[in-house]
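Residue numbers (numbering that gives the first Met the number 0), protein chains in the order written: chain A, 0 to 355; chain B, 0 to 223.
Hints listed in this document are in silico derivations from the structure and should not be mistaken for laboratory results. Fair warning: there could be bad hints in the mix.
Label-pair distances were calculated between CB atoms; the ranges are [stated by the list, open to error]:
1. Q29(A) <-> N195(B): 38 to 46 Å
2. E91(B) <-> V284(A): 56 to 64 Å
3. T100(B) <-> E72(A): 42 to 50 Å
4. E323(A) <-> N195(B): 54 to 62 Å
5. K85(A) <-> G192(B): 26 to 34 Å
6. T345(A) <-> K119(B): 51 to 59 Å
7. K39(A) <-> K160(B): 46 to 54 Å
8. R200(B) <-> S177(A): 52 to 60 Å
Since this is a predicted model, take the numbers as computed values, not measurements. Beta carbons: idealized from backbone N, C-alpha and C, even for Gly.
Letter by letter, the chains look like this.
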Amino acid sequence: MSQIQIMAFKSEKSLKLLLMDLNFRDWVIQPKPETKRYWKTWLKNNPDKKEDFLLAKELIQKLEFKRVEVSDERYEKIFEKTLLGKKSNYVSKNQFFIKKLDLRSYWRVAAMLVAAAFISLLYFSKQFHNSEGMTGQMEMITKSNDAGRKSQIYLPDGTIVWLNSKSSIQYKSDFSGSIRSVNLSGEAYFEVAKDPSKKFIVKTSTMSVTAIGTQFNVNAFSSVDRHQVALAEGKVMVQKTDKLNEDDQKIYLDPGQSLSIFKSNGQMIQSSFDPKKVLSWRDGVIYFDDAVFEEVVEVLERWYGKTIIVQNIEKAKAWQFSSEFNNETLENVMRNISYSKNFEYTIEGETVKIIF
Amino acid sequence: MRRELNRPNENRDNNSDFELGKKDAFGSLNQDSLNSLDDVRLWELFREGKEIAFSHIYGTHFEGLFQYGCQFTKNESLVEDALQDMFIELREKRKQTIIQTSIRNYLFTCLRRRILLYKKKSNDYTTNFEHSRFRLFDMEISTEQKIIDEQIKSDNKKKLKEAIKLITNRQREAIYCLYYEGLNYEEIKELMGFTNIRSVRNLVYRALAHMKSALSLFILWNCY
């Protein structure tokens, strides 16, 4: 053992000299005929350094650093963004990116907790439906939430879905076929597992959203006129579904952008969105921003799974309500709204009465 | 690993490229003819606003830049943002920018500065260059199964790992640039902000000295 160590020390210097020699390095990394000849001759002239020579060569060849996968999508995405010339949030003055990062790291933790909750949900919940039916060889799986209940679902490809109340998704049990397709009614947030070979598509009554390594929110309640896609991360392509033409207008969204489609007139609006307003439902936060009375009622009914009856509704015409409720009981929410909007209310069983 | 991108206006401007004398049979500038251009010429074309020159530069250096950038942080989207912003500014300021050594080195230098800045902005916990849990330029020496005795093998592997841990982030970065990217000492000097080449050589020499025990283990390895 000690003999070998002495040997090692002796050779250290010539080893280092070789390693520092750029010609030697170039030859190891990329041998060319003329350099090959040179080092062959060198070796002939320095037979005592043969061992160092081989070691130095092997060491350079065996150095390994972290490698990341550089997919074509990534390559093209950054190229396109560069041509568009829109710089990231690090450059622009607003500090949105900090909020975004915070939200994300918070979600890592939250996702684990919710996952645990979800597993227990599977065992104990009666309200969580899991209806599976056979169509041909593949199974279609439907997951749905009643009003008042939210859940997190893991799809077969590793994608995580946060499903809001009164919402449902439907997908093939094994995602067989060339695309991963999910039908949605209601609202869900998707954290899509990367798989460049298989597109991930969310279909609603008004649109189809194609994801490319992405996190985004889709809001498509049949009772609401405005359907919306909001992109948190990555890239999505949105197409209206009422048009049969495949070549119909494709709209690409960047992170922080949303696309709204109004069912009544088919109008589309592309704009930036407030992540607090659009994404906070997953954290159990109800967020009203200048909401009209109908919106408040609609959201509360869905969130708490109650029916709301209103007396003298005409008094609520000019309503605009803004507030945030973080995991509050219906009682607290109603009390808060009734103070600021000046009405009486009762909660009895499944029914809430509002009296102006 | 260069990839071709089909941009609509690549072959549009023929005549203005004529004096450069790099035309294919159809009289237009193409990727092959760009391959034979040196960096100064290529940069000239880019400064003149030729989009094909830009996509060529992008295609040539994207992969290397991305790999390099990802050595600084786990946050790949930060690297994406930095790359994108860098290229956008490159295009905005193309008229003012003059290349001194090579395009690659210029891009590497820009990206490095930008990533360190963005890391600071986003409170990346790997910002602290020397004392972080995440290892910048994490390095390994791959070990083949030469030793039959499992015990000796795993012992040595552990020792080898620990020996490599003694090498500082900056030293590892220099090693990366030298042996992985194939930069020369002058380029590393510029990239890492040294004042002279001697300092770079010293850094590499010290890194190799730190690897002394790694090296002798490596020798042991190969003696069996």
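Tested hints:
1. Q29(A) <-> N195(B): 38 to 46 Å: violated (27 Å)
2. E91(B) <-> V284(A): 56 to 64 Å: violated (40 Å)
3. T100(B) <-> E72(A): 42 to 50 Å: With a Cβ separation near 32 Å, T100(B) and E72(A) fall outside 42 to 50 Å, so the hint is violated.
4. E323(A) <-> N195(B): 54 to 62 Å: holds (58 Å)
5. K85(A) <-> G192(B): 26 to 34 Å: Holds, since K85(A) and G192(B) (Cβ atoms, about 30 Å apart) stay within the stated range.
6. T345(A) <-> K119(B): 51 to 59 Å: With a Cβ separation near 56 Å, T345(A) and K119(B) satisfy 51 to 59 Å, so the hint holds.
7. K39(A) <-> K160(B): 46 to 54 Å: Since the Cβ atoms of K39(A) and K160(B) sit about 35 Å apart, the hinted range of 46 to 54 Å is violated.
8. R200(B) <-> S177(A): 52 to 60 Å: Holds, at about 54 Å.
When the structure is compared with the earlier hints, violations turn up for hints 1, 2, 3 and 7 and for no others.
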